[in-house]
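**Student:** Okay, here's what each chain looks like letter by letter:
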Amino acid sequence: MDNRTDSAAPSGRVDIENLAISFELPGGDTLEAVSDVDIVLEAGSFTALIGPSGCGKSTILNAVAGFVPISGGQIKIDNEPVSGINPEVGVVFQQYALFPWFTAIGNVEFALKRLQLPRAERRERALAALREVGLEDRASTYPGQLSGGMKQRVALARTFASEPKVLLMDEPFGALDAQTRIAMHELLLGVWDLHRTTVLFVTHDVDEALLLSDRAHIMSTGPGRIIESLEVTSSRPRKVDEMTEEFLTNRNKIMKLLRHHTVAES
Amino acid sequence: MTNQLNQLLKVAASLTGVVVVWWAVAISGLINPLLFPTPYTVLIAAKELYEDGILISDLGISLARASIGFVIGAILGISVGILTARTRFFAIALGPFLNLLRPIPAIALVPIAIVWFGIGEGSKYFVIAYTVFLAVWLNTHHGTAHVAQTYIRAARSLGASRLREFFEVIIPAAAPHIVVGLRLGAALAFLSLVAAELSGASAGIGFRLQDARDYIRTDRMFVGLIELGILGALLDQFFVYVGNKLVHWEQL
Chain A
1 MDNRTDSAAP
11 SGRVDIENLA
21 ISFELPGGDT
31 LEAVSDVDIV
41 LEAGSFTALI
51 GPSGCGKSTI
61 LNAVAGFVPI
71 SGGQIKIDNE
81 PVSGINPEVG
91 VVFQQYALFP
101 WFTAIGNVEF
111 ALKRLQLPRA
121 ERRERALAAL
131 REVGLEDRAS
141 TYPGQLSGGM
151 KQRVALARTF
161 ASEPKVLLMD
171 EPFGALDAQT
181 RIAMHELLLG
191 VWDLHRTTVL
201 FVTHDVDEAL
211 LLSDRAHIMS
221 TGPGRIIESL
231 EVTSSRPRKV
241 DEMTEEFLTN
251 RNKIMKLLRH
261 HTVAES
Chain B
267 MTNQLNQLLK
277 VAASLTGVVV
287 VWWAVAISGL
297 INPLLFPTPY
307 TVLIAAKELY
317 EDGILISDLG
327 ISLARASIGF
337 VIGAILGISV
347 GILTARTRFF
357 AIALGPFLNL
367 LRPIPAIALV
377 PIAIVWFGIG
387 EGSKYFVIAY
397 TVFLAVWLNT
407 HHGTAHVAQT
417 YIRAARSLGA
427 SRLREFFEVI
437 IPAAAPHIVV
447 GLRLGAALAF
457 LSLVAAELSG
467 ASAGIGFRLQ
477 DARDYIRTDR
487 MFVGLIELGI
497 LGALLDQFFV
507 YVGNKLVHWE
517 QL
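Respectively, the protein sequence lines represent chains A and B. Taken in order, the first sequence gives residues 1 to 266; the numbers are from this note's numbering. Taken in order, the second sequence gives residues 267 to 518; the numbers are from this note's numbering.
Because the hints were derived from the structure by calculation, they are not lab data. Be a bit skeptical, because a hint or two may be false.
Below, simulated EDC-like cross-link-like pairs (lysine to aspartate or glutamate); rule was C-alpha separation at most 16 Å, straight line [what the hints assert, rightly or not]:
{"no.": "1", "chain 1": "A", "residue 1": "K113", "chain 2": "A", "residue 2": "E163"}
{"no.": "2", "chain 1": "A", "residue 1": "K239", "chain 2": "A", "residue 2": "E163"}
{"no.": "3", "chain 1": "A", "residue 1": "K256", "chain 2": "A", "residue 2": "D177"}
{"no.": "4", "chain 1": "A", "residue 1": "K113", "chain 2": "B", "residue 2": "D318"}
{"no.": "5", "chain 1": "A", "residue 1": "K239", "chain 2": "A", "residue 2": "D205"}
{"no.": "6", "chain 1": "A", "residue 1": "K113", "chain 2": "B", "residue 2": "E317"}
Chain A regions said to be covered by chain B (calculated; three or more residues, Cβ under 8 Å) [what the hints assert, rightly or not]:
{"no.": "7", "segment": "109 to 121"}
{"no.": "8", "segment": "174 to 184"}
Beta carbons are placed, not taken as given, at the ideal position from N, Cα and C, and that holds for glycine.
Start from the sequences and build out the full structure, keeping to the hints where you can.
**Tutor:** Below, the structure written as structure tokens:
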């Protein structure tokens, strides 16, 4: 399933070059959150960004999304520099960010409105998107009546419905329990297989990163930088209860790195 | 349903208790009955006012004043609140001034309102609208200025135009605060209504209270006070009911 060369949709390549991001602190000082980061996201690839909290992994994601300005280097999507929030780049947030005043299908239709389709077609496509995440029968339910896992499935449907070239996921399953998380991993890979969007997946969960991604970058703090990058070549679906040799080797390697860096800095 | 019935029973029990204590104090002989009427004399006074047609006409006049003042204040409050929350210009131009107005009570505006608008309806609308406006403005401003950042980010990355972002995200996100402002504004409309009617009115609940004082008709005063209480409570319930329908995703 992985390493597929998708000739139909060659777009969605992201180049992050020499990236630096700093924030102004209330006192007037600047905090260097991220520096010297180089990442290439091949079109249609699934990349994980792993690191402890505060390492700047979400900041990188926010910069690719156009939410925060960068202070050095550049980010290009299909050779176009990122200059702000762009609907070609979809974002899935940890706290879902569903609009509670719209129903599930209303949330998905919100994303489809920019395509200016006829009403009936928009509704049909929104329903199809909910079908992909198994929530067709919850179309007219408000987010307040959905469980955390269901909310994130609606959020996934909403983001995939607008067919972004790049999908950014910021610890999307961080608020879910372990069982729901496993189900969400399978669901995500299933839906992703239909769309083959380029994915950047931010997490602090090493297993999650190794289960999902083709490539994983490990980050460290002060300032945030990449300390190791590795390929995950074993075929999907990968399972936590059937770990391969490669999985264990990678896992041990990452754990050592994270432990070493955390100990050195704390 | 049983929950509502339960609630109703509690309210009835509490009010019955109050009336019993009131009655006991009134007939105990400790207080001059001229100053402290029994529930029965108040009921008779209400009946008398009703039969003269004054009770209903006062109610109508006061409600009309409160409603018109409320509508003017609410429309202005919502509009200006959105402007000061979403545009830098209005935030700087009006924010400090409006915050300076907030501690000025409605009753302090009555003399100037009479000079400006005469003793007719205009001055009443002005005083009521002023009070409602400040409450609605403050809540609208707060709600509209503090829309969760993730909502804005999600809307923009889903390709919403600024217009759609405003109507489909910012306004609904602020709606619970706006409804709270309207509810508060409705309660304040009654407070300022009485302030407005205490001077320079010839009808209305507030006027009737003042008028009763001239004849030491405490029974009639009690009628007026009870009217205000019931009216205010009903209106508040109405706002909670409509508000919960309107912003169904958030319990008021």
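**Student:** Name the hints, by number, that the structure is in violation of.
**Tutor:** When the structure is compared with the hints, numbers 2, 3, 4, 6 and 8 turn out to be violated.
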